[in-house]
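Quick mapping for you: the protein sequence lines, in order, are chains F and A.
With my numbering applied, the first sequence corresponds to residues 118 to 462, in that order.
With my numbering applied, the second sequence corresponds to residues 14 to 280, in that order.
A few of these clues could be false.
Said to hold, decoys possible - Some but not every residue of chain F turned toward chain A, in silico, with C-beta under 8 Å:
| id | residue |
| --- | --- |
| 1 | Leu209 |
| 2 | Lys296 |
| 3 | Ser318 |
| 4 | Ala331 |
| 5 | Ala347 |
| 6 | Ala348 |
| 7 | Gly349 |
| 8 | Ala352 |
| 9 | Gly357 |
| 10 | Val358 |
| 11 | Leu395 |
| 12 | Arg397 |
| 13 | Pro402 |
| 14 | Asp403 |
Claimed, not checked - With beta-carbon atoms standing in for the labels, derived distance ranges:
| id | chain 1 | residue 1 | chain 2 | residue 2 | range |
| --- | --- | --- | --- | --- | --- |
| 15 | A | Ala104 | F | Ser276 | 11 to 21 Å |
| 16 | A | Gly276 | F | Lys453 | 54 to 64 Å |
| 17 | A | Asn186 | F | Arg454 | 39 to 49 Å |
| 18 | F | Val303 | A | Asn55 | 51 to 61 Å |
Unchecked claim - Listed below are several chain A residues computed to face chain F (Cβ distance under 10 Å; list not exhaustive):
| id | residue |
| --- | --- |
| 19 | Cys67 |
| 20 | Arg85 |
| 21 | Arg89 |
| 22 | Val99 |
| 23 | Pro100 |
| 24 | Ser110 |
| 25 | Glu113 |
| 26 | Pro121 |
| 27 | His122 |
| 28 | Gln173 |
| 29 | Gly239 |
Simulated from the structure, these hints should not be mistaken for laboratory data.
Source: prediction; values computed, not measured.
We put the beta carbon where it would ideally sit given N, CA and C, even for glycine.
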Amino acid sequence: MAARLGFPWAAGALLLLLLTAMLTAAGMGFMNIPVQSVAKAVGSRCFPSLGAGLDSAVVAVVLDVRLPRIVAAVLVGGMLAVCGTVFQAILLNPLADPYTLGVSSGAAFGASLAIVLQVAGLALPQSVSVPIFAFIGSIAALMAVLTLAAGDRRLSSSSLILSGVIVAAILSAAIGFLKFLADEQVSIIIFWLMGSLSSASRQDLLLLAPAAAAGSAICLLFSRDLNIMAAGERAAASLGVNTARLRWTLLLTCSLMTALCVAVSGIIGFVGLVAPHLLRHLAGPDNRRLIVLSFLGGGLLLLCADTLTRAVLPAEVPIGVLTSLIGGPFFACIFKRRQQDNGGF
Amino acid sequence: MAASDLLWQLEDVSLARSSRSVLDAISLTIRPGRWCGILGPNGSGKTTLLDLLCGLLEPDSGTLTYRGQPLRQWSRRQLARRVALVPQDFALRFDFSVREAVEMGRHPHLGRLASMTAQDYALADAVMTEMGVAGLAERPVTQLSGGEKQRVAAARALVQEPEALLLDEATSNLDIRHSLAILSLLRRRVDEQGLTVVAALHDLNLAGLFCDELLFLKHGQVVCCGETEAVLRPEVIHEVYGVQAQVRQDAFTGCLQVSCKMGNGEV
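Just chain F, same shape as in the assembly (with noise of 0.2 Å):
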């Protein structure tokens, strides 16, 4: 095995290869921003005289249209691999992400509800209807997957992913047989679940970063205790450990953050599976910090991932589809590696 990275060492990089990225992502695209303009940009909200002799538009650009997405895409991918993390421990399955328990496609149904109903006539905009119908739509499928889990009073980490696949199957069809209906208004239904954060505005913003922090929180509260989640449930039960509770506790606070980076951003696969992943091979699989690590790297993935698609790619590719393509490869070499390393996973 590798040596392990120290915690602050590992920490203080991620987080200043992420202010970096942040910065150097707000200089890029159609309009190209040096990164001093950028700083300038940015420090001008606290303190106006450092905007001086800035163009009015590099502000505005910056502060208003650029910012917002970065921040978004950092916070979704921070977001999204906490989940994984706290998934993979409570599932005590390494290929469990913030998608198993069928919070994806409860959002896509609900999402390709609100498409079809617009054929059909409903009079939100758009832009409302799908965030509001993908975050009821995965809430109730999570919901969905608890109950039908919780005829098992332990709710065991078998029981719960059987329920996802089954609640996932059942909406897989019924999203079919939308987007049938949604007949010409396919492509719409199409391409967001393919995920994108184009439309992430300031008001994601206002929901998102309180989301991330009270989650992240909530997980970091219970970090201790989902290590020993790695020991069985017998185990953890006889070393004090609330196993049912613990469960319910985390699924539902991430499941809530999922559904809620879901509504803002569509589908987004793989950074909450490769993220926690990786630096649990290079960081030890402590949760203490390993959440700790999973917000900022996953955070760092998303965001350069965005950047890539909106700045350096001559056409806007979904991001999910993105993420997914050079996630999957990328992880597909991982998995060679460590079989070959000891032959197990």
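Got chain F sorted already, so can you dock chain A onto it with the hints?
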């Protein structure tokens, strides 16, 4: 002896799962500072009984108290400060180091926001040394051998500073040397520090070597219960396991030892 001086008291405890009775009218008292062995064939309810004792299951009927107080009134955390469990197969899902795994034993003693103090670290180090795993401290537990894993499991349980230790066939997958090593270390704790051990066992000879008293279970019922010298007898072994047995006072170990064979026409 006052009720709060006794550890577990079971009266008429029964438990059924999917309408099949797993434990049937068990009455039992476990006193501190003793090593109690639970013996019985596969499926006789040994593990279920241990699950009851550490509060993972609740009885359908009967009363179950710990230190004179109904077990259900103990929170998981409170109980974990007094009772620790060593499972048959120690496993951790992720690559935690041996040190991290052993330190998990301090969990019930730490507040939610607190972290380990110098005392906690010193205790973990001392126990790792006692169990002979100090040299493995930085190794990932997933790479340990079976014997090493069970030592880590025992170390984690002792770091909990329990007054009672439950062993669920904790050494049945180990070779005789590793089994004896772990059990002897625990026996010393019983003799010198008054630890209480309740151990589900398969091996009658290990039971003869280590246990002060024995409880024989069959089909969820107590067949026989008492001091090892009094109850480790051929008739009891025949009734519980359906094999012919000879029990002798062994000069080499100084304990009761058992030889078994299938009786004629009993295969």
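Evaluated hints:
Look at F/Leu209: its Cβ gets to within about 5 Å of chain A, closer than 8 Å, so that hint holds up. A hinted interface residue such as F/Lys296 counts as satisfied when its beta carbon comes closer than 8 Å to some beta carbon of chain A; here the least separation is about 38 Å, so the hint is violated. The closest approach between the C-beta of F/Ser318 and any C-beta of chain A is roughly 36 Å, which is over the 8 Å cut-off, so the hint fails. A distance limit of 8 Å between C-beta atoms decides the matter here; for F/Ala331 the minimum to chain A is near 16 Å, and the interface restraint is violated.
The criterion of a C-beta within 8 Å of any C-beta in chain A is met by F/Ala347, whose closest approach is roughly 4 Å, and the hint holds. Checking F/Ala348 against chain A: minimum C-beta separation of about 6 Å stays under 8 Å; hint holds. With its C-beta approaching chain A no nearer than about 6 Å, F/Gly349 sits inside the 8 Å limit, and its interface hint holds. Given hint, F/Ala352 at the interface with chain A, holds; its Cβ is 6 Å from that chain's nearest Cβ, closer than 8 Å.
About 3 Å separates the beta-carbon of F/Gly357 from the nearest beta-carbon of chain A, less than 8 Å, and the hint is met. Hint status for F/Val358 relative to chain A: holds, with the closest Cβ pair at about 7 Å, below 8 Å. Against a cut-off of 8 Å between C-beta atoms, the interface hint on F/Leu395 is violated, since the closest Cβ of chain A lies about 14 Å away. Among the interface hints, the one on F/Arg397 holds; its C-beta lies about 7 Å from the nearest C-beta in chain A, closer than the 8 Å criterion.
Hint status for F/Pro402: holds, given a least beta-carbon distance of 4 Å to chain A, under 8 Å. Nearest Cβ of chain A to the Cβ of F/Asp403: about 6 Å, under the 8 Å cut. The hint holds. Against the hinted window of 11 to 21 Å, the Cβ-Cβ separation of A/Ala104 and F/Ser276 comes to about 20 Å, which satisfies the hint. A C-beta distance of roughly 57 Å is found between A/Gly276 and F/Lys453, which places it inside the suggested range of 54 to 64 Å.
Distance hint check: the CB atoms of A/Asn186 and F/Arg454 are about 31 Å apart, inconsistent with the given range 39 to 49 Å. Our hint of 51 to 61 Å for F/Val303 and A/Asn55 holds, since their Cβ atoms are close to 58 Å apart. Using the Cβ-Cβ criterion of 10 Å, the hint placing A/Cys67 at the interface with chain F is satisfied: the shortest such distance is roughly 5 Å. Taking 10 Å as the C-beta cut-off, the interface hint given for A/Arg85 is violated, the closest approach to chain F being about 13 Å.
Because the beta carbon of A/Arg89 sits about 5 Å from the nearest beta carbon in chain F, less than 10 Å, this interface hint is met. With a cut of 10 Å, the hint placing A/Val99 at the interface with chain F holds, because the nearest CB-to-CB distance is about 9 Å. Annotation: interface hint on A/Pro100 holds; nearest CB of chain F at approximately 6 Å, less than 10 Å. With its C-beta approaching chain F no nearer than about 7 Å, A/Ser110 sits inside the 10 Å limit, and its interface hint holds.
Against a cut-off of 10 Å between C-beta atoms, the interface hint on A/Glu113 holds, since the closest Cβ of chain F lies about 6 Å away. For A/Pro121, the suggested interface contact is upheld, since its CB lies about 3 Å from the closest CB of chain F, less than 10 Å. Interface restraint check for A/His122: the shortest CB-CB distance to chain F comes to about 9 Å, inside 10 Å, so the restraint holds. Look at A/Gln173: its Cβ gets to within about 7 Å of chain F, closer than 10 Å, so that hint holds up.
Using the Cβ-Cβ criterion of 10 Å, the hint placing A/Gly239 at the interface with chain F is not satisfied: the shortest such distance is roughly 28 Å.
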